[in-house]
Amino acid sequence: MNSTRAPSPTDELELVLALRAGDEDAFTDLVNRYEAAMLQIALAYVPSRAIAEEVVQEAWLGVLHGIERFEQRSQLKTWLMRIVLNRAKRRGSEEARTIPFSVIQPAWNDSGPSVEPGRFRGPSNAWPGHWVSPPSSWSGVPEARLLSGEMFEQVRRALGELPTRQREVITLRDVLGYPAHEVCNVLAISETNQRVLLHRARSRVRAAVERYLEQ
Amino acid sequence: MRHASRELTCQELVELVTEYLEDTLAPSERLRFDAHLRTCPGCTAYIEQMRTTIRVLGKLSEESVSEDARRELLATFRTWKADVAKRDG
Ligand SMILES: [Zn+2]
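Residue numbers (my numbering), protein chains in the order written: chain A, 1 to 215; chain B, 216 to 304.
Treat the hints as calculated values from the structure; they're not laboratory data.
Each hint should be verified, as a subset may be incorrect.
[As the list claims (entries may be wrong)] Covered stretches of chain A, going by a simulated chain B footprint (3 or more residues, C-beta under 8 Å):
#, segment
1, 52–64
2, 70–78
3, 113–122
4, 146–156
5, 176–182
[What the hints assert, rightly or not] Reference listing, derived: stretches of chain A covered by chain B, where coverage requires no fewer than 3 residues with Cβ under 8 Å from a Cβ of chain B:
#, segment
6, 128–137
7, 201–213
Backbone N, C-alpha and C define an ideal beta-carbon position, used for all residues, glycine too.
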């Protein structure tokens with residue numbers, strides 16, 4: 001997980017000082033640590049991989065121009081993530097103006113149930129609220145199928161269809177593996193809100209994976 | 216505690232899965248949750264599916280920035296460095 005690779009405060013201070021001094025190794029070090037995470041964050045807001053890469057480039061330029069003013073009070077990682085988040089958001093809303101609204105933001109029922117109600121027995125049944133068609137175990141699904149390019153495509157599509165807030169949270173939590181408190185910090189949301197958004201997002205993605213595996 | 220002793224339905228359980236995985240359920244809720252899982256293969260499979268989904272999501276981050284973008288980034292760095300040197304020099 002990326003979060004475990006975060007440098008200690010002393011490392012961070014050294015990196016910042018080296019970067020200010022124009023040390024290319026310090027820059028490469030920083031890029032190696034954070035570029036994958038920055039790309040994932042950018043992908044959460046913009047419609048294509050190419051645009052996400054542009055956003056990451058812009059963000060690094062912002063980092064270089066801002067490093068002189070970076071204050072040690074905030075964590076380096078949080079600062080970097082905020083920079084890419086802001087650029088990606090701005091770019092995302094610019095793109096949204098050129099693409100029909102419905103493509104970007106489908107009319108999801110944002111507070112709907114986690115699982116289609118039709119999967120459960122109705123109130124007149126002897127076992128109301130219990131599965132009609134129970135989920136099946138995926139333990140027999142070969143790893144090659146589970147982690148196939150096609151699966152990733154389906155999951156990406158499911159992420160793309162989520163409301164933005166849900167996509168932000170699930171990207172940071174599950175794609176990037178950040179702990180809950182860091183996600184709350186970066187997105188400035190409460191623990192409860194974070195959990196609700198994560199729950200809805202995971203439920204949608206699980207349903208998409210199920211549709212793909214059981215089609 | 217009449218409410219706490221009532222059994223959870225599957226439909227209720229799926230709404231609590233994230234709180235279960237995050238370990239934020241109240242102790243009494245946790246007991247009801249575990250009790251349900253012990254007798255319900257469908258919900259046990261559901262939790263396992265959710266864990267698998269999270270694992271698949273985690274694999275998405277292995278994608279990295281392209282080599283071209285990498286090179287461009289280094290060029291950006293060198294330009295920035297030259298600009299700073301000019302300004303300060
Ligand atoms: Zn059940």
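Comparing the hints with the structure gives:
1. 52–64: holds (count 6)
2. 70–78: With 0 residues close enough to chain B, the hint is violated.
3. 113–122: holds (count 5)
4. 146–156: Satisfied; 6 residues make the cut.
5. 176–182: The restraint on the segment 176–182 of chain A holds, since 3 of its residues have a Cβ under 8 Å from chain B and three suffice.
6. 128–137: holds (count 8)
7. 201–213: holds (count 6)
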